[in-house]
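J.: Chains A, B, C and D, in that order, give the protein sequences. By my numbering, the letter at position 607 of the first sequence is numbered 607, and the numbering carries on one by one without gaps. The number in my numbering is simply the position in the second sequence, starting from 1, with 1000 added. The number in my numbering is simply the position in the third sequence, starting from 1, with 2000 added. The number in my numbering is simply the position in the fourth sequence, starting from 1, with 3000 added.
Worth flagging that the hints you see were computed from the coordinates, not collected in a lab. Note that the structure is predicted; figures quoted are calculated from it, not measured. Please note that a few of the clues may not be correct.
[Said to hold, decoys possible] Here are the simulated DSBU-like pairs of lysine-lysine, each with C-alpha atoms no more than 35 Å apart in a straight line: (1) B:Lys-1091 <-> C:Lys-2166; (2) A:Lys-164 <-> D:Lys-3371; (3) C:Lys-2116 <-> A:Lys-645; (4) A:Lys-164 <-> D:Lys-3438; (5) D:Lys-3438 <-> A:Lys-29; (6) A:Lys-164 <-> D:Lys-3410; (7) D:Lys-3442 <-> D:Lys-3371; (8) D:Lys-3371 <-> D:Lys-3438; (9) A:Lys-521 <-> A:Lys-372; (10) A:Lys-618 <-> B:Lys-1091; (11) A:Lys-164 <-> A:Lys-531.
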Amino acid sequence: MNPDMIYLVPLLPFTAFVVNILLGARFLKHRASWLSIATSAAACAIALPICFAVFKGGHFAGEFSWLPVGGGTLRFGYLIDPLSASLLFMVTIVGTLIQIYASGYMAGDPRYSRFFAYVSLFMAAMLTLVISNNFILFFMAWEIMGLCSYLLIGFYFERESAAKACFKAFLTTRVGDVGFLIGMLTLFTALGTLNFSEINGALAHGSARAAVPASLLVMSALFMFCGTVGKSAQFPLHVWLPDAMEGPTPVSALIHAATMVAAGVFLVARAFVIFMAVPETMPVVTAIGCFTAFMAAFIALTQTDIKRILAYSTISQLGYMVTALGMQGLGAGTFHLITHAFFKALLFLGAGSVIHGTHVQDIRQMGGLFRKMPHTAITFIIASLALAGIPPLSGFWSKDEILLTAFASGNIVVFWVLTLSAFMTAFYMFRLVFMTFFGKARDPHVHAHESPAVMTLPLWCLAIGSVVLGFPGSPFMHHWFQRFLAHAVPHPEYHPSAFVMSCSVIAAVSGIALAGIIYLKNVHWAEAVAKAFRPLYQLSLNKFYVDEIYSRFVIRPFLALGRVLFHFDATVIDGAVNGAGTGSMWLGAVKNWFDKNIVDGLVNFVGAFTCFLNSVVKRLQTGLVQNYLLIAFLGFLVFIIRELKLI
Amino acid sequence: MIIPLPHVLLFSLALFGIGAYGVLTRRNIIGILISIELMLNAAGINLIAFSKTTALAPETGQIFAVFVIAIAAMTATVGLAIVLALYRARKTVFADEVNLLKW
Amino acid sequence: MDILNFGIKVGIYALMAGTLVLAVGVVTLRNLFHSALCLAATLIGTAALYLVFHAEFLAAVQILLYVGAVVTVIIFAIMLTEHIAERSVAQRNRQSLPALLGILVLIAVTGRILLKTPWAVNPATVGARVTVADLGAALMGTYVFPFELVSVILIAALIGAVIVAKKEKSS
Amino acid sequence: MTSHLLSWITFTPLLGAFLLLCIPKRAHNSIRWIALATTAITAALVGLAFSLFRASEAGFQLVERAVWIPQFGVQYLLGMDGISFPMVVLTALISLMACLGSLTHIRVKGGREKEYYFLFLLLETGMMGTFLALDLFLFYIFWEVVLVPMYFLIGIWGGPRKEYAAIKFFLYTLAGSLFMLIGIVAVYFASSPHTFDMTLLTTMKYGLLFQKVVFLAFFLGFAIKVPVFPFHTWLPDAHVEAPTPISVILAGVLLKMGTYGFLRFSYPLFPDAARWFQPAMGVLAVVGIIYGGFIALAQTDFKKMVAYSSVSHMGFVLLGLAAMNADGFRGALLQMFNHGTITGGLFLLVGVLYDRAHTRDLNDFGGLGAKMPVYAGILTFFSLASLGLPGLSGFISEFLSLLGAYQYSKLITALSAIGILLAAAYLLYMIQRVLLGKLNPKWAALPDMNALELSTLVPLMVFIVAIGLYPKIILEYMIPTLDGLLGTIRGGI
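Looking at chain A on its own, in the form it has when it is part of the complex (with noise of 0.2 Å):
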């Protein structure tokens, strides 16, 4: 197979978006989305032969001339490794999945074939971005996925609050963007290359690290991590994902819980030699990353909306991911990276699976949905068991990786947080399956019915995912996966330990009995938990007040920012050059004056005393024609006695 077919793998769903949103519209209706799919599996049916190719020792690469830069010039081309294969398979798959669901979860909006447009673009952005071989491609594919993002949650942009959401969010990550930018400015002027593999070059030997300034490489570190924290919606940049909810839910499925966000993620992974040759920095990374983590649970705990909860359990995953590379666990973070992708995206879709049926997201409205939507209740089960962290399920195995890598990386504290905040996933998970799927139906008013197949396959096929992916990264493979990945980029590995898994499993266990606890028999701990601790409590319902925080320190300050200085230009500069104007003015009217009166008075005086002769000779003009005949005659009188000489 010709490794070059890879540049069909995000071409092909590009020509989809082009034909739809060129043609979507008008001819193509609701066949829009057979398109999008059928790209999309084609991508799949490409990439995953490559993508097995690489599991077995492959590694391709290829390359063309793009864009002429000082001496040199920018070359753009693919590069399939160990990461880059398992997010290609993994988005291909998931992207294809979700589509197949978004064909029948959107069926009938009036603007259908826009919203498949939208979905190509980004996996075309996205299949882009993880098979780029350098940064600056890199970082075009993660715009325009950023741009997807915006189209898509401003899809129902009627709704003032998703026109408000995708503006922030695309600002938000905006922000980290610009980090981004500056961190490969810096990368490019420190290596003079944005080339992955020749950055891994450069840096992956001691000699040749020594000749690279450090503090460049600290500074283009620390940049580029804004990107993550950013895209990977980190604290503080995490505000715009529980927003991004607004958008259709295969959106939020797709875009916010399996691929953009965990771009953030895989850009570190892909960074990660910049990292390694300055740890220094890795400390920064494991904060933030530990503390979203954290605070995200916290959060989720309050949330009653099905989507938010779910959106703030994504930004918690994620902080595992960023902890983990923080830890230089790069094995232990993408591993997590894509076996939640399968299990969130399926969470995503079976709540969507639950809106779909009953047209209401807050959580307090639903209730006792198991019998009427049993796939939708079962598969979301599984998918909850697979975050909480109960084995043999996929996310037992990823999370307990991560956990591991805290413990045995020397990170204590880490460790205890992470698992306080396993056990608070499992707790907030389980609250949301007992309250959606278990007890008596709260609303009357909601008439649930289960989803019709074309929504309900994709589940079971995540499901199965969900399931089994845990498999390669566990024990029973001998942990094949990250020594898979090892070979891209050399990393420390651990042994398993027990005590971890059982810490692990005591977590997710506990939180689950005191969900049930709680909310199976009705026992009123949760009220008493909040009056104790309201503090506590209006922190997480208010989300740590970070929104807040920004309106009135960041944005309200720019805005008025802006004002000052329009007022400032209008007043100040273009006073001056007002001011020039009118002191010319001013000078002129006093010249003015002196004209008026010195000079034209010397002109009038002329004037005055003409006219005042005119007054006087003007009486000989009568318009008579007999006195003008008169003086005439007259006049020749005088002139022939004259000329006589007779007097």
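Starting from the known structure of chain A, arrange chains B, C and D on it as the hints suggest.
T.: Then chains B, C and D, alone, in the frame of chain A:
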């Protein structure tokens, strides 16, 4: 010549003077025109008188007298047309009421 | 003979005096119609004077053209505008005294010159008799150009008079 | 024809203008067709020049030279190189689009089309001449020729405060160009033998003090045109009051005359002074970028917002110029071209909306995305291009500018990057207020874009996407000349 030439010339001079007086003093434009006819007649008399006495060719004066009569007829017609037009426009035939041509 | 001559002379002087009196009437009569009549009489007087100078053709032209045509036109004009020329309205403007003085000076000055000038009377001319045939030959011969010019001017005057006097289209 | 191709390019619009004078005032259709045909022929001639232009050569090509005023050594000297070539292409393109845009807009504005198109074509001749002239004297004449029709075009067909805006524009620019004139005369007398010929002047050396003073004189002339930060206040007024096609020309071409002047005259003539002023220019660039961005954020008038965004975006050109290295120059020149297409498109879009709604108040709109899907798509496209979305042309040039500037000063670059953030903020805030949200019932009857309006925008979009995806297609025309220029500047060290 039955009577001396200067006497005839004095007569025509008197006639001319009377006509000129009329031109200068008549308010009515028609009166002015009539006075002009007098002056033209005086000129005609002079022409005839000179053609009978001092001219080299005796018919010259008469021919110019004929021209004078023709001119007089033209003066009368055009002048009276102007008077009528004026009368229609300004409802007046008095020369001193037509004084637009002043300061 | 002397008496006859004397009588003719007296008659001529009387004619001239009468003509002058009539002329004075032309310019002084308040009623414009009367002054037009006086003008006709003056013109006839002049025509008579022409006869004295043996200009019979001219006398006939004078009476036919002047008295018959011009005076008639003038009387028409007077009648068309008559109600303006009422008696109560002053017929003379305020400059009659300076005009009179000026004219008297003119007459005095010019009369003195007339009387002082030694007129070279050509006896051949005095004796010559001009016939209508002579006049026609001169008009069509020596003076054909001024003659044609006068006819053009006459046409122009005619058209001009029609245009000037024509009633404007109601505007 | 090819032997005098540049003259043809320059004076074809003028011929069209004189042809227009012979057409009766009421023959509106003929007037429009002649104007359109003239701009189209000019564009076709530029296309011919494109086929003759050899991308790999650095020097002036298609040079025309004739003695004009021998007493002062003034020549009629036209020539094209990698710096002027993109600008000439841009001028032809933008003029054609603006002319197309005028077809409906000026009819709506109520007539006097003959005068309008006459001035329009005169303007095009001025712009072409400015970019092609290689004799300083000739350049100055064309530079001033641009000014006069612009004054009338704003002053007659403009908005409510058109007289104020036109006078302000005129006086501002005239003040700048007077300084430039002094500079030109100074250069003339400093050169030996006295000459205005650019090809000779670049080979001469001047003392540092002289360079500094004359550089400053030129700088004032060019900076007002760009406009650089403290001299920018004419721009919002002129833009807001000018009729749409003229705003397009103003943003698309006229602003570039300033930065073109830097590249063509200031840098090669006074390389030492340019290096001396490098920090100042960098600071002015970054101030312009951030300042313009913040003010754009505070705007409620659509057109004014786009106008201030120009201040910010032209800052990136200045930033690239201030970097004084290969990447910076490429970024600057490319940004000049891209800003022309992108902001030109944005102004056209403002005009499309204004023609329908007769207001530009951003707070008055809302929810138009559902009502005018094609308009919404294209407006989003141009906004994204303007905010530097990768894959579209704006990103490439801003990236190159920043890359160049980074090698000069990290701080300035980092601050400029805030400008990118601000661009995203004000443009998306605009989109949110215009396209998203609930539909204001006032606008329920607005029709979507028609074919004519689309035809003005689609060619621009083609350029934006093409350059965004594969920038080499235009960069390879610029690089030899820019590298040569860089060699000249470095040679002075």
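J.: Going through the numbered hints above, which ones does this structure break? Give me the numbers in ascending order.
T.: none
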